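> Sequence:
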Amino acid sequence: KVMEVFGEKFEKAIEVFLTGQRIFDYKTALQEITQERYRELPEYRTVKQDENGRFVVELYLQGQKVSTGTGASKKDAEKDAAKKAYEILTAIDQSASNSN
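The UniProt record's numbering puts the sequence shown at residues 1 to 100.
The set of hints was computed from the structure by calculation and includes no laboratory data. In this text, all values refer to a predicted model and were calculated from it rather than measured experimentally. The reader is advised that the hints may include incorrect statements.
For each label pair, taking beta carbons as the anchor points, the in silico distance ranges come out as [unchecked claim]:
| id | residue 1 | residue 2 | range |
| --- | --- | --- | --- |
| 1 | D93 | E51 | 32 to 38 Å |
| 2 | Q94 | Q35 | 16 to 22 Å |
| 3 | E51 | S95 | 33 to 39 Å |
| 4 | T70 | Q31 | 26 to 32 Å |
| 5 | N52 | E32 | 28 to 34 Å |
| 6 | E51 | Q94 | 34 to 40 Å |
| 7 | Q62 | A91 | 17 to 23 Å |
| 8 | N98 | S73 | 34 to 40 Å |
| 9 | E87 | Q49 | 34 to 40 Å |
| 10 | A72 | Q94 | 18 to 24 Å |
| 11 | Q62 | A29 | 16 to 22 Å |
Within a straight-line C-alpha distance of at most 25 Å, the following computed SDA-like cross-link-like pairs (lysine to any residue) qualify [as the list claims (entries may be wrong)]:
| id | residue 1 | residue 2 |
| --- | --- | --- |
| 12 | K84 | G71 |
| 13 | K27 | F55 |
| 14 | K79 | R54 |
| 15 | K48 | L61 |
| 16 | K48 | Y26 |
| 17 | K84 | Y38 |
| 18 | K84 | N52 |
| 19 | K84 | V47 |
| 20 | K74 | Q94 |
| 21 | K84 | E36 |
| 22 | K83 | I33 |
| 23 | K74 | N52 |
| 24 | K27 | Q94 |
| 25 | K84 | L41 |
For glycine and all other residues, C-beta sits at the position ideal for the given N, C-alpha and C.
Hey, can you work out the whole structure from these sequences and the hints?
Quick look at the structure:
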């Protein structure tokens, strides 16, 4: 049983490597950006579970709501909110650098 589970995970890792897919951890990347810029961590607030049983999480920075994420678990909803916030912050960066 252990080898089956390990084998599946190893197989997936090889597939990701061979196809050039990249696993990106938006929560960690966002945390690094917010610590550098604002000297604080993002705050995740679980708002509710919707009618389909999916979790809704809001992400706050400096007391301001930046994004909302949804997912089958709280962790997935946090990842979704982090991805959206990361994309917002990096878009702002690109916009600022293009105007210079």
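> Indicate, hint by hint, whether the structure satisfies it.
Comparing the hints with the structure gives:
1. D93 <-> E51: 32 to 38 Å: 37 Å, holds
2. Q94 <-> Q35: 16 to 22 Å: 20 Å, holds
3. E51 <-> S95: 33 to 39 Å: Roughly 37 Å apart at Cβ, these two residues keep to the hinted range, so it holds.
4. T70 <-> Q31: 26 to 32 Å: Between T70 and Q31, where Cβ atoms are some 20 Å apart, the hint is violated.
5. N52 <-> E32: 28 to 34 Å: Because 33 Å falls inside the window, the suggested range holds.
6. E51 <-> Q94: 34 to 40 Å: 37 Å, holds
7. Q62 <-> A91: 17 to 23 Å: Because 18 Å falls inside the window, the suggested range holds.
8. N98 <-> S73: 34 to 40 Å: Given about 37 Å between the Cβ atoms, the range holds.
9. E87 <-> Q49: 34 to 40 Å: At 25 Å between Cβs, range violated.
10. A72 <-> Q94: 18 to 24 Å: 31 Å, violated
11. Q62 <-> A29: 16 to 22 Å: 18 Å, holds
12. K84 <-> G71: Within the cut-off at roughly 13 Å; holds.
13. K27 <-> F55: Holds, at about 17 Å.
14. K79 <-> R54: 13 Å, holds
15. K48 <-> L61: 19 Å, holds
16. K48 <-> Y26: Holds, at roughly 22 Å.
17. K84 <-> Y38: 18 Å, holds
18. K84 <-> N52: The given pair, whose Cα atoms are some 21 Å apart, holds under the 25 Å limit.
19. K84 <-> V47: Distance of about 17 Å is within 25 Å: holds.
20. K74 <-> Q94: Status violated; Cα separation ~30 Å.
21. K84 <-> E36: 18 Å, holds
22. K83 <-> I33: 12 Å, holds
23. K74 <-> N52: Roughly 14 Å separates the two Cα atoms, so the pair holds.
24. K27 <-> Q94: 20 Å, holds
25. K84 <-> L41: 16 Å, holds
Hint compliance for this structure: hints 4, 9, 10 and 20 are not met, and every other hint is.
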